[in-house]
Each structure stands twice: as structure tokens, then as C-alpha cells.
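**Student:** Each chain, written out:
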Amino acid sequence: MTTTTAKSKVLPPPTERYSLLGWLHKNLFSTWYNALLTLFAAWLTYAMLKPTLTWIFGEARWDVISANLKLFMIGRYPIEQEWRVWAALFLLTWVIGLSWGSWVKKFELSGLVLLLIPVFMALLPFSMDDRLKILGLSVFSLIGYVIAKSQPATFSKVSIFAWLLYFPVGLLIIRGLTGDEGFFPVVDTQLWGGLMLTVLLSVLGIMFSFPIGVSLALGRQSKLPIISWISIGFIETIRGVPLITILFMMDLMLPLFLPSEIRIESIIRALVGITFFSAAYMAENVRGGLQSIPRGQHEASHALGLSGFQTMAFIIMPQALRAVIPILVSQFIGLLKDTTLVMILSLFDILGIGKAVLGNPDYIGTSREVYLFIAAVFWILSYGMSYASQRLETALGLGER
Amino acid sequence: MEKTHTTQQATIPFWRDERVLRVLGQIIFLIAVIVFGYYIYNNMITALAKQGMTPSFAFLNQTAGFDIGERLIEYERADFNKRAVLVAVLNTVQVSIVGIILSTILGVFLGIARLSTNFLVAKLSSIYLEILRNIPLLVLLIFWYTGIFITLPRVKEAISLGTSIFISNRGMVIPWGIPTETWRAYLIVLGVGIVLSAIVNWQLNLVGKRTGRPPLVTLWTIITFLAVAIIGWIALPQSPLTLDLPTLQGLNFKGGYTFSPEYLALLSGLVIYTAAFVGEIVRAGILSVSKGQIEASRALGLNAFQTLRLIVFPQAMRVIVPPLTSQYLNLTKNSSLAVAIGYPDLFAIAGTMHNQTGRSVEVIALMMGIYLSTSLITSVFMNFYNKKIKLVER
Amino acid sequence: MSKKLFPIVALLMVLALVFGSLPVAAGNAAQEAGYGATLATVQERGYVICGGNASVPGFGFLDEAGDYQGFDIDFCKAVAAAVFGDAEAYEIRPLSSQERFSALQSGEIDVLIRNTTWTLTRDTEVGANFVHTTFYDGQGFIVRKADGINTLEDMDGGTVCVQTGTTTEANLADTFAARGISYEPVVYEDVETGWTTYEEGRCDSYTTDKSGLVARQTLLSVPEDHMILDETISKEPLGPVVRHGDDQWFDIVQWTVFATFFAEEHGITSENAADMMAATTNPREMSFFGAEGDLGVKLGLSNDWAYNIVSLVGNYAEIYNRNLGPDTATYIPRGLNSLYTDGGLLYAPPFR
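Residue numbers (my numbering), protein chains in the order written: chain W, 361 to 761; chain S, -12 to 381; chain L, 82 to 433.
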């Protein structure tokens, strides 16, 4: 809008200062109805918080969580292979540290807060072994950060490759390589579970749905009627039905669709369902990005003699994708939450594990604790991610130019 | 450049003619899709035939054999499966419509509250939005149902509001009217009331257009309707409805109307969850109206409420409606999570039916078809509304 | 223009989806899966896949280490022992009651052992074959003593909690309709929610198989406040299920069950199996152990198949007591599930 640079000499308007009483008056008791509202809101807070807090710190049986923490986190993944999950996590925090160090220019308080979360978690009553591993998360991200800070320019490119490489590598670490024996045995997907499965399903879902979604978006925009109809039909069908019905359909019908010799694991079936679902929404988001590119870009590109394909691949798509990155992040967060529906297919995602734990005779009657814990885990993950992505967006200037 | 192009076009062989290629490409693509579809279909039929099953919707005309706890129309176990489907569809539609209305009201309230100058109100509202938007709906519903609604007092210790509304973990019982002989006559009276109030509305609008000073159109319309309704009630020889008060008899409340805890949990769960998203949308919509509009309106002497109603909302609506539509669709689709808390919606009944009949393919096709049609109808209606309120570009 | 078309196109898609599955290609109906196909598949794979349950205490649930435990799980182990001589050569695929038959039909599992009731429809139309019953059960009702319910008629106007996708749901509807009792069903997708809500007083009664009621009553917060009505409204013979069309596999699973009966009848346990095998002179026991004749080979297995079952998993009594016996939290008196010599229904045909 304006061409003034950030270094403009114009001073910001003076900030208003209040005494405590003045602040209270302005923000809480300025008029009689405002005062009433304040009192009502205060009463409401008290009425809700008091029983909740009494329950959380008094009556709740949190042992159901601590005793089954391993199940909640990694499901039935063999305990002697647990280190591989940690390894994948360390690698992840290292990559996060690396990208934070190279992309975020200023010293960020929020980065420090993120760094301190594991330190606080280590104060919780875990075993010494687990505490060290949790602290390891901070250490690895710090290492990444320091490395990147030494040469931010080089590492900003490196970190992009690190992200691209991370997912296949991480998956390989968790799945294993060397058959049933040896150092790196394959862990059957049947044993994957808990939060790990929830995260994996959503990460893989987003990754696989990306190419499908982009092709569908292009297909929908296409001037060729048959291709555009088929794309529209696919997108609107998937978007018109609940995810749970898609999962249910994949679970029951995918085995029927394929020749009877082929056996597909239930995780794969759920993943196919999630991918289709996510692809349809991805297509709509990408289409939004495509439409946001002004016509002039097409025209300019044609004027330069680029073909239709070249225009799409080198001019339009990069800009469109850049514009939709923030939306894709929120789509991922949404997918992470939606993944809980695989519970209905008796997969042991974190919610399915919760249900299985409640079936254990020792922990009957602890459903509130279990579901509250699961809700808290999701809240931390999803709020944390949306917060971090907002920070990154501002730092990178993503989505705006 | 242009010229050479046209001259070449005449001699271009058809396999390099872009128009031919386009058609050809599409046909090949279409054939590939059809072949793939047939392959899948064939596999399915073969697999089913192995178990001696052939797809058919004949089961819809067989006895259902199971009961449904909540229904808007008469249904019993001896009815056909298609009747059970109808019961289920009505349940889904009903919870969706009520949910959409309530979540809009709560969402608008939250959106405004978040922009409030009152610090506490704004903070509370924003905490609410941040919590609700970041947890999965399924977890919320299960927690909400098993953690809150089911832990309400038992039926014998029900909380009573006034003398005849009771709340327990069997749900909420309220007094309900039972139609008497004059009910049909009264329906006609109500019809007349609607026609009369429509005429009043139309005439007052004309007056408003002519004079430029619209009278309180909505108010007078409602007054007309209410007047007819009340006069009709008194004038009829017997009042058209008798009040049925709930009383505790035996195991449950008898009489009145009961909202089951499953319904209440599903509805309120959907409402508080969707309202958080609606709240965000409303807030963004209000913020999209430029400040100058509000200042201008205040300068013209409109008060804060009038500004909101006459200036801000009509403009904000244009930003609000498209995302709101997708939230409404989401709510409808999310109502399928009812299966986790025991409310007999379409998905739950389809599951039962699938298990009783063993017809997975048909049941799934039927269920998805119904959901898809519902979504399409909703979006067609909302698109129509969106066109209506769209800024006319000149 | 194409924008306006899309609702129409999409609607057409719906119709295509719904009616596309109508036309019937019944030409190659009832093709046999083939004798011996399942065993070959299982042996090639190296382990048996059983469809199981992950949330029924006593029958199938996950322990803290993430392993499956329970009565049904032990029968899966028995099949693995019979086929491979290794009781750990199995995998449990947890299935909801809604997906269990589809999983069996599609060949995703080899055998379904998940408290499944034997009914005529399931035996025919659903394409399942039931082997001999491992657990005789019947549907009952649990109520609160304070409510004064003694017969089903007392439940008139009440609320009953039930799990979806089960014969239980249909039995409930049939019985109450036949007796003219009005009631309101509340149907849950999973067992745990149903019990929680019953205990909190949402329902006057919870109905399921009596075994489930007995096992679960002990886990209610005050078990003495509840009682199980005498009435049993259905027969629920629960047992392993295999696919239509492979009689050899049917026989293997069937005789695995009989082997556990036989072993109990003859006092063979996992501890004394080796000694008995060496010492026995009883011709039936000798052919059971494979010391005489070739019963195992007739099934397509090794001759020590029955010995493996007993020594690795145990006889019926051992399996029962391990999961449902007096020392467990889910104690169920044996009742009909005793040997015929003790007045029960367990009767193994001769091993010869």
C-alpha cells in the first residue's frame, strides 16, 4: 500500500498509560452493562474452573495415564525397538532447530519457549531414562540451531532438503530395513499405534495427497471438459460425504475392489481413505491459490513464448503453492484431528488405544482421565503447530509478497 | 508469427493438430477411467459371488428386526429396512438443522464478544475459541457425553427447573402439548395468520419504499401473526393443545417430551465446536468492514446497535457467507460421529443394518448417496443465498 | 457454464454410485475357494491371522505390555500350535463387530474368533462356517437391585443399553416386541461406553451375553448393588468361524477345539502332556498324541498337532481357568461349558 520503508523516521503514536485502577475502569467497568458483563464472566470462570481444578488435582486417577504411557505414545511397537522412535524424534527436532536457525532472523522468545517445553516435561515424574531422552529433544534442536546460525545463508537451502529427506528417512527408521532379524528389523504396521500412528497417518496422508490434490486442481481448472468433469466429480463426491463414511467404505470395500490374492493391511486402507479425503480438500485449496494469480501472469508468460505446460510449471504453480502454504499447514492440523476417526476402524491410534486401555479390568471407570489426556495432547500439538507456523510465516513472509 | 501459424494450420497433419489431440487425449483418459472402474467393479462382483452374494437392494423391503430409540416418525421392529433408513435420515437432518441454527447464534455472539472492549469477555471468548478449535471433535463428543451428560443426577434425583422441567442423565423432559380435536382447525387459523402477516409485510415494504422512512416492518409482521394466533386460540371452542406435564412414574418420566442425553450431547457438542469456527468467521467478517464505515454511520447519528445491524452486518455478510457454508456442511457431515455416543443417526443405523443384513456394498452406497445429496442441496441453497447478498458490481 | 453444471454432474455421480451396484452379474456364483487353499496360504505366510476383539475383558483385551490376552486369543494360539507347533505363530487383527464378517469374506483373516454367535443366516448368507462352539452363552439382563426389577415385564417403560452390530440388538427387539413390553433402546458402538452409561444410571438395564454380564459385574464399582435376571432370552453359542468353501481348514479348526475337550476329558494338561505321551497305553490317547495312526496327516498337519496344542496352550479347563476361572477378575461359573461327564455340553467325538 505504502512505499515507506521500515526505517521510516516517523515515530509511533504514544502508547496510552494507565494506573491499575484506570486500566480496570477502561477495560472492565466502563459502563454499567460492561460492569455487569464483567461480573457475569468472572462468575462463569469461577463456576467452571473450581470443580474442574478440584477434580484434576484431587479425584482424578492419573495412574491410568502414567502406567499406559508407552501404549498411548507408540502403541504395541516393540519396547526393545523403542529407541528408533526416539531417533526419529531427535532427527526431527534437529531439523526444526536447523530451519529455525536459518530462517528466523531475530532472536525469538517463542523459540526459547519451544526449547524449554521439553525441559519442563523432564521435570514430570518420568523415569530417569525417559527424562534424559526428553532433554535430548532440546539438545538436538539446539545443536541444529547453532549449526544453522553459523552460516544462515547456506543452511536455509540445506534445511529445505533436510525437510524433504526427513520424511522418507524417518519412516524408514520406524519401519525398519533388514527383514525380521538383525539390528534394524522390520516392525509390522499392525504393531504401530498410539500417538505415533496418529501423526504418521496424517503426515503420510498429507504427503500422498499433495500430488493428487495438485493434479485434481489442475484437472478442475482444465479447459478439457471430460477431465474437468471427472475431477469435479471426484472432488465434490469426497467433499460431500463425511470422512467416517470414506474410511468405512475403504475398510470394507477396498479388499473387495482388489483381486482376492492381494492382502492390504488395515493401516494402508485407512491411509488410502485419508489420502483421498485430504486430496479433495487439497485440490480446492490449491485451486484457490491458482485463482489468486492475476491473469497478467498468464499473459506475460505466453508473451514470452512459454508453452501452456511451461507457464503452469514454472510461473503459475510456484506462485500458487507459495500462496497456499499457510492454508496447507492448517489443513494438516485439521487432518491430524480428523485422524482420530480411524478408531472406528479398530485401529489403535491414540484414541483407539484409549479405548483399549479402558477395556483393561484394572482401569475401568477412568474414561474422563483418558479422554481429557487425549484432548490435551491434541491441543498441545495442534496449538503448538499453528503458533509455530504463524511465526514462521511472518518470518519468511510466506503467503504475501 | 501469427501469419505463419495460420498457413501451417491448413497443412498440419491431424495427429499434430491440437484440437484433435485434445479430444483424443480426453477419450483415452475416459477409457482408462472406465476400464479401471470396470476392473474394480468386476473384482468386487467376483469376490461377492464367491460367497454366493449378488448385490441387490432387495433388503430394503425386508423386515428390519431392530428398534430405534429416537425417531421423529412411527417405527417399530417389524417395519421394513427402508423405513429405518428414513428414520435415520430424519434424525440426521433434524440434528443438523437445529445445530446449524444454534451454532450460528452462539458463533455470532462469540465473534462479537471477542471484539468486545470488555477485557475479560474478550479474553474468555478467545480462550474458548483457542481451546475448541484445537481438539478433535470425536474426542470432544466422547468426553462431553461420558464425562458430562452421563454424570448428571439420576432420574430419581432429577434437577427440576420450575415445576415441570426435569434434567437428569436420562435427558431433559419438558411439558409438551397434545393435539385435541380442534388442532386441525387451528392449523388453518395459523395458515391464515401467515398469509395476513405476509400481506402486511408486503404493504409496509411498499410504504417504506414510497416514503423512504420504512416503518418497523418485522415487528408489525410478527404482531399481525401473533394476534391472529392468539385470537384463534381463544375463539376456538376447545383449546387446540392440552398441556402434558411430565411426572416420574416407575422407571422413567411419563408424559411431556424427552430430549435424550445422546441427542443433547451430540447437538451441544456439535454446536460448541462449530460455533468456535463460526465465531472466527464472524470476527474476520466484522473486521473486514472498514473503520470508516462505522465512523460515518456514527456521525450520521446511528447508535452502536443500529450501526452493527444496518451497516456492519450487511457488509460483513458477503465475507462471512462462503466460509459459513462450508461450516454448515461440516456440521452436517460431523453429525455422523453420533455413532460414538449412541445417537441413532444415519451412519449408526447404516452400521446396524449392514450387520443385520451382511450387505456392505449396498448399505455403504446408500449411505454415501444420501450424505452427498444432503451436502449438494445445502450448498445449492447457500450459493443461491450468496448470490442474493452479493455486492452488485457496477 | 460448467459451474452451473457441477451440481447436476455430482448428482449424476450419486445416482451412478447407488444404482451402479444394482446390475447383477451372477454368472460365476458360488465359486469354491478350494480345498486346502487356506492351509497352504497360512503355511506359506508362516503364521495364522485371527480376527479378534480388543475390548472384552476375559475374552480379548490388550494388557499393559500391549499383548492380547483372553479366552478367544488362547484358541487362536491353539490353532497356531496345531499348524506350526508354535503357539506364538499367530497375529490378532482387532475387528469391530461390524467389520468382522467382511474381514473373513475378503480373506483378510484366516479364522474369526471373536465371541460370534452361530446363527442360520450367518452360516448361510453371510458366507461363514461355524466350527464347534467353544463357549455356550445366552443373552441376559443386568439391573440395579434398588429398582425392584425381577422380570422383563417390570422393565416396561424403561431404558436398555445395548451394543450395536450384534445379535443382541435383534434379540432384544424380538423379545420385547413378542411380550409387548415398551422400552427405549440406547445403542452404542463400543462396549465400554455402554457399561459406563449403565453404571451412571442412563439405562435401567444393560443387556449382552450372560458371560459378559457376569465377567463385567465384578468390575462395577459396587457389584453387590446389581443383579442378573434369571431370564435368558436367547441361545448364544460362541465359537470360531471360518470361510465357506475350504473344508480342510474347517476341519483343522474344528478338531483343534475338540482336542482341547479331549485333553480335559482324559486329564491331559500342558504340564503332564509329555509324560502322558510316553506312558499312555490307551489307544485313543495314543492316536491323539500321534504315537499311533496318522490323524494329523489326515488333517494335513504333522502327527504331533494335538500334543502341541495341549503342551503349548493347554486343555479346555486350563484355557478356561486362565481367563475366566475363579482366580481371575472375570470369573464366570462353568455351567454349560463343562464336560458332558459333569453335566455340561462339551463332548468331543472319538479321535480315531
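It cannot be assumed that every hint is accurate.
No farther apart than 27 Å at their CA atoms in a straight line, the calculated lysine-lysine pairs in the DSSO-like style are these [unchecked claim]:
hint, chain 1, residue 1, chain 2, residue 2
1, L, K316, L, K379
2, L, K316, S, K143
3, S, K196, S, K69
4, S, K278, S, K374
5, W, K386, S, K196
6, S, K143, S, K278
7, L, K226, S, K241
8, S, K110, S, K241
9, W, K509, W, K430
10, W, K583, S, K374
11, W, K509, W, K493
12, S, K196, S, K110
13, S, K375, S, K196
14, S, K110, W, K410
15, W, K386, S, K374
Far from chain S by the CB rule (all over 12 Å, computed), these chain L residues [to be verified]:
hint, residue
16, G208
17, Q244
18, A254
19, F257
20, Y264
21, E265
22, E281
23, N363
Only part of the chain S face toward chain L is listed, based on derived beta-carbon distances under 7 Å [as the list claims (entries may be wrong)]:
hint, residue
24, G56
25, R64
26, D66
27, F130
28, T133
29, G134
30, T138
31, R141
32, T234
33, T339
34, G345
35, S347
Source of the hints: derived by calculation from the structure; they are not laboratory data. Glycine included, C-beta positions come from ideal geometry on N, C-alpha and C.
**Student:** Does each hint hold? Answer for all of them.
**Tutor:** Going down the list of hints, with the structure as the test:
The straight-line distance between the Cα atoms of K316/L and K379/L is roughly 33 Å, outside the 27 Å bound, and the hint therefore fails. Distance hint between K316/L and K143/S is unfulfilled; the C-alpha atoms sit about 34 Å from each other, more than 27 Å. Only pairs whose Cα atoms come within 27 Å are accepted, and K196/S paired with K69/S is rejected, the gap being roughly 51 Å. For the hint pairing K278/S with K374/S, the CA-to-CA distance comes to about 25 Å; that is within 27 Å, so the pair holds.
For the suggested pair K386/W and K196/S, the alpha carbons sit about 43 Å apart, so the restraint of at most 27 Å is broken. Taking the CA atoms of K143/S and K278/S, the gap is about 56 Å. The hint is violated against a cut of 27 Å. Simply put, K226/L and K241/S have alpha-carbon atoms about 22 Å apart, close enough for the 27 Å limit, and the pair holds. A threshold of 27 Å between alpha carbons decides the hint, and for K110/S with K241/S the separation of about 44 Å lies outside it, so the pair is violated.
For the proposed pair K509/W and K430/W, the alpha carbon gap of about 35 Å is over 27 Å, so the pair is violated. A distance of roughly 25 Å separates the Cα atoms of K583/W and K374/S; the hinted pair therefore holds under the 27 Å criterion. Restraint check for K509/W and K493/W: satisfied, since their Cα atoms lie roughly 24 Å apart, inside the 27 Å limit. For the given pair, K196/S sits about 43 Å from K110/S by alpha-carbon distance, which is inconsistent with the 27 Å threshold.
Restraint check for K375/S and K196/S: the C-alpha separation of about 19 Å stays at or below 27 Å, so the hint holds. This hinted pair checks out: K110/S and K410/W have alpha carbons roughly 18 Å apart, not beyond 27 Å. Our distance criterion of 27 Å between C-alpha atoms is broken by K386/W and K374/S, whose separation comes to about 42 Å. Once the 12 Å rule is applied to beta carbons, G208/L is inconsistent with being away from chain S; the minimum gap is 3 Å.
The non-interface label for Q244/L is inconsistent with chain S: the shortest C-beta to C-beta separation is roughly 10 Å, within 12 Å. Distance to chain S contradicts A254/L as a non-interface residue, since its nearest Cβ pair spans about 4 Å, not more than 12 Å. Some Cβ of chain S comes within 12 Å of the Cβ of F257/L; the nearest lies about 8 Å off, and the non-interface call is violated. For Y264/L, the condition that its CB be more than 12 Å from all CB atoms of chain S is violated, with the nearest at approximately 8 Å.
A cut-off of 12 Å between C-beta atoms contradicts the statement that E265/L is not in contact with chain S; the least separation is 5 Å. The beta carbon of E281/L sits about 4 Å from the closest Cβ of chain S, which is not more than 12 Å, so the claim that it is off the interface is violated. The Cβ of N363/L sits about 42 Å from the closest Cβ of chain S, beyond the 12 Å cut-off, so the non-interface label holds. Checking G56/S against chain L: minimum C-beta separation of about 5 Å stays under 7 Å; hint holds.
Because the beta carbon of R64/S sits about 4 Å from the nearest beta carbon in chain L, less than 7 Å, this interface hint is met. The beta carbon of D66/S comes no nearer than 11 Å to any beta carbon in chain L, farther than 7 Å, and the hint placing it at the interface is violated. About 11 Å separates the beta-carbon of F130/S from the nearest beta-carbon of chain L, more than 7 Å, and the hint is not met. Because the smallest distance between the Cβ of T133/S and any Cβ of chain L comes to about 5 Å, under 7 Å, the interface hint for this residue holds.
At its closest, the beta carbon of G134/S sits 10 Å from a beta carbon of chain L; the interface hint therefore is violated under the 7 Å criterion. Evaluation of the T138/S hint against chain L yields a held restraint, the C-beta minimum of about 6 Å falling below 7 Å. Interface restraint check: R141/S against chain L, minimum CB-CB distance 4 Å, threshold 7 Å, status holds. Because the beta carbon of T234/S sits about 12 Å from the nearest beta carbon in chain L, more than 7 Å, this interface hint is broken.
A least Cβ separation of about 5 Å between T339/S and chain L falls short of the 7 Å threshold, and the interface hint therefore holds. A hinted interface residue such as G345/S counts as satisfied when its beta carbon comes closer than 7 Å to some beta carbon of chain L; here the least separation is about 4 Å, so the hint holds. Taking 7 Å as the C-beta contact cut-off toward chain L, the hint placing S347/S at the interface holds, the least distance being around 5 Å.
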